[in-house]
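Asks: Quick note, the sequences are listed as chains A and B, same order. Position in the first sequence (first residue = 1) + 222 = the numbering used here. Position in the second sequence (first residue = 1) + 222 = the numbering used here.
It cannot be assumed that every hint is accurate.
Within a straight-line C-alpha distance of at most 27 Å, the following computed DSS-like cross-link-like pairs (lysine-lysine) qualify [as the list claims (entries may be wrong)]:
id, chain 1, residue 1, chain 2, residue 2
1, B, Lys-391, B, Lys-330
2, B, Lys-326, B, Lys-379
3, A, Lys-326, B, Lys-487
4, B, Lys-415, A, Lys-439
5, A, Lys-414, B, Lys-379
6, A, Lys-330, A, Lys-391
7, A, Lys-276, B, Lys-248
8, B, Lys-326, A, Lys-487
9, A, Lys-487, A, Lys-439
10, A, Lys-415, B, Lys-379
11, B, Lys-414, A, Lys-379
12, B, Lys-415, B, Lys-277
13, A, Lys-248, B, Lys-330
14, A, Lys-330, A, Lys-379
15, A, Lys-379, B, Lys-330
16, A, Lys-302, B, Lys-248
17, B, Lys-276, A, Lys-248
18, B, Lys-326, A, Lys-439
19, B, Lys-379, A, Lys-379
20, A, Lys-439, B, Lys-248
21, A, Lys-330, B, Lys-414
22, B, Lys-439, A, Lys-326
Below, a sample of chain B positions facing chain A; criterion: calculated Cβ distance under 10 Å [stated by the list, open to error]:
id, residue
23, Met-272
24, Gly-275
25, Ile-333
26, Gly-345
27, Lys-353
28, Glu-463
29, Met-467
30, Glu-470
31, Leu-482
32, Ala-485
These are calculated hints, taken from the structure and not from any lab test. Note that the Cβ used here is the ideal one computed from N, Cα and C, for glycine as well.
Number of protein chains: 2
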Amino acid sequence: MNELVFVGLGLHDEKGISLQGLEEAKTSDHVFMELYTSLLPSFSVERFEMLTGKKVQILKRYDLEEQSGARILDAAEESKTVFLVPGDPFIATTHVALRIEAEKRGIKTRIVHGASIISAIIGLSGLHNYKFGKTVTIPLPENASETPYNVITQNKKLGLHTLCLLDIKTDEKRFLHINQALTQLLNTERKKKQGTTTMQTIAVGVARAGSTTPTLKADTIENLLTYDFGDPPQSLIFPGELHFMEAEALITLAHAPASLRSAAK
Amino acid sequence: MNELVFVGLGLHDEKGISLQGLEEAKTSDHVFMELYTSLLPSFSVERFEMLTGKKVQILKRYDLEEQSGARILDAAEESKTVFLVPGDPFIATTHVALRIEAEKRGIKTRIVHGASIISAIIGLSGLHNYKFGKTVTIPLPENASETPYNVITQNKKLGLHTLCLLDIKTDEKRFLHINQALTQLLNTERKKKQGTTTMQTIAVGVARAGSTTPTLKADTIENLLTYDFGDPPQSLIFPGELHFMEAEALITLAHAPASLRSAAK
């Protein structure tokens, strides 16, 4: 049957895929994969090919953005085609256009979901999902922008937490680190002076969500600037108002200063 | 080794678990599971036991909320214990207290993430993840509240989308349906008159996210009130400002009226 199945690879390595996703790959005629929208630090294409018994065709940004995924669409017009994507397939908005184009060409599409960095980081932190406002990506230095600072400020005014993803360019092996992201926010603070991101502001750094050894640390920005989070990917959370159970979670799970307890409600 | 591993079951059935999660269950001394924080419509405990070769102990709300998960904690103090939870384990905030208690007792804890309803619904809709504001749950009629209306209104003022989860009581086999949720919001509109949720407002209904046959429909509330979404679980999205690619996604993937195009930016 001709169809295009988007399968989420989840986080970290080739064992992040669901049983359903693995079955789809095993039963498909063509298997494509991209590994540039997110970092899967320990993913091995060879091991994945062993698991599925299928040859995997790796697509680059060029294939999808310049060529509009023509190779995938052509394959899916004639046969069952699986497209493997890190995380949950449409959280990186990159592939929505491909799905729309497939549907317009009359190709049936389906999604097999995978664990997403979004829910993973929220879960690791112990903070309450329904207290997060808008998510933002902090760009690499050459694209530095005031937007992340403004999003954090707006969310804080509403008492909400902000999840900040840190930009990556996996094809160039470049990843924004937590200390660079904090420096970028402090630079904006210096201009805008709204007090959202000072040396004494509490933030939560998260590294390697989805691996067996994630690092989580909640502290003042001053202390986080010199904290060693180890390998990427890295992310940040700026807490808004804390429920007492959330403060407890940050103290126990992210080694936050115990003084956080008195700020909670 | 004594440790407590929280494993996400993902969505829909027993094939939503990741390969890593399955391996954790196979190599653990005790396997506990709860199926009350979310609905996994086609999950079979028997099939899951076949897959893992382990006896699964099902816990009820009482075991976790009244008894504070004592059975899990006692097991994890002496041996490797896996706790299987629908979706991504900590998106339902219910289990954060259990994790904190385990850590305080000196039990090492880990998370193996699963696909979450949060990222699944956003992905299915084709809307951009970073344009969602605060998420809200619309309660069952006996707990009807103005909060969901207020959250939608606040997000809309900021141009943001709102993801609305619809409350479920799986132990009583009760699920809020999309038309009931819309009626509840229209009742609040009648009192507050802020124009956020009128008969002409566009919303997106999503049913059975994570299954092979999800239903997605974007339309005016007037039309959605009588649309048949089929079996639960069901959810709603209230779009804020739409990027033209998001409008295109709703038209192609959720059969929205083509007039949506002219409202997009």
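Asks: Now, for every hint given, state plainly whether the structure supports it.
Replies: For each hint, the structure was consulted:
1. B:Lys-391 to B:Lys-330: 31 Å, violated
2. B:Lys-326 to B:Lys-379: 42 Å, violated
3. A:Lys-326 to B:Lys-487: 21 Å, holds
4. B:Lys-415 to A:Lys-439: 45 Å, violated
5. A:Lys-414 to B:Lys-379: Holds, at roughly 23 Å.
6. A:Lys-330 to A:Lys-391: 31 Å, violated
7. A:Lys-276 to B:Lys-248: Cα-Cα ~26 Å, so holds.
8. B:Lys-326 to A:Lys-487: Roughly 21 Å separates the two Cα atoms, so the pair holds.
9. A:Lys-487 to A:Lys-439: Satisfied, since the Cα-Cα distance of roughly 21 Å is no more than 27 Å.
10. A:Lys-415 to B:Lys-379: Holds. Lys-415 of chain A to Lys-379 of chain B sits at ~25 Å (cutoff 27 Å).
11. B:Lys-414 to A:Lys-379: 23 Å, holds
12. B:Lys-415 to B:Lys-277: 54 Å, violated
13. A:Lys-248 to B:Lys-330: 36 Å, violated
14. A:Lys-330 to A:Lys-379: Roughly 44 Å separates the two Cα atoms, so the pair is violated.
15. A:Lys-379 to B:Lys-330: It is violated: about 36 Å lies between the C-alpha atoms, which goes past 27 Å.
16. A:Lys-302 to B:Lys-248: Not satisfied, since the Cα-Cα distance of roughly 31 Å exceeds 27 Å.
17. B:Lys-276 to A:Lys-248: Given that 27 Å is the threshold and the Cα spacing comes to 26 Å, the pair holds.
18. B:Lys-326 to A:Lys-439: 17 Å, holds
19. B:Lys-379 to A:Lys-379: Satisfied, since the Cα-Cα distance of roughly 14 Å is no more than 27 Å.
20. A:Lys-439 to B:Lys-248: This hinted pair is violated, its Cα atoms lying about 31 Å apart.
21. A:Lys-330 to B:Lys-414: Judged against 27 Å, a Cα distance of about 43 Å means the pair is violated.
22. B:Lys-439 to A:Lys-326: 17 Å, holds
23. Met-272: 12 Å, violated
24. Gly-275: The hint is violated - Gly-275 of chain B has no Cβ within 10 Å of chain A, the shortest such distance being about 15 Å.
25. Ile-333: It holds, given that the least Cβ distance between Ile-333 of chain B and chain A is near 6 Å, below 10 Å.
26. Gly-345: 3 Å, holds
27. Lys-353: At about 7 Å, which falls below the 10 Å cut-off, the nearest Cβ of chain A leaves the hint on Lys-353 of chain B intact, so it holds.
28. Glu-463: 12 Å, violated
29. Met-467: 6 Å, holds
30. Glu-470: Because about 6 Å separates Glu-470 of chain B from the closest Cβ in chain A, which is inside the 10 Å limit, the hint holds.
31. Leu-482: Constraint on Leu-482 of chain B not satisfied, violated at 14 Å.
32. Ala-485: 18 Å, violated
Checked against the numbered hints given earlier, the structure breaks hints 1, 2, 4, 6, 12, 13, 14, 15, 16, 20, 21, 23, 24, 28, 31, 32 and satisfies all the rest.
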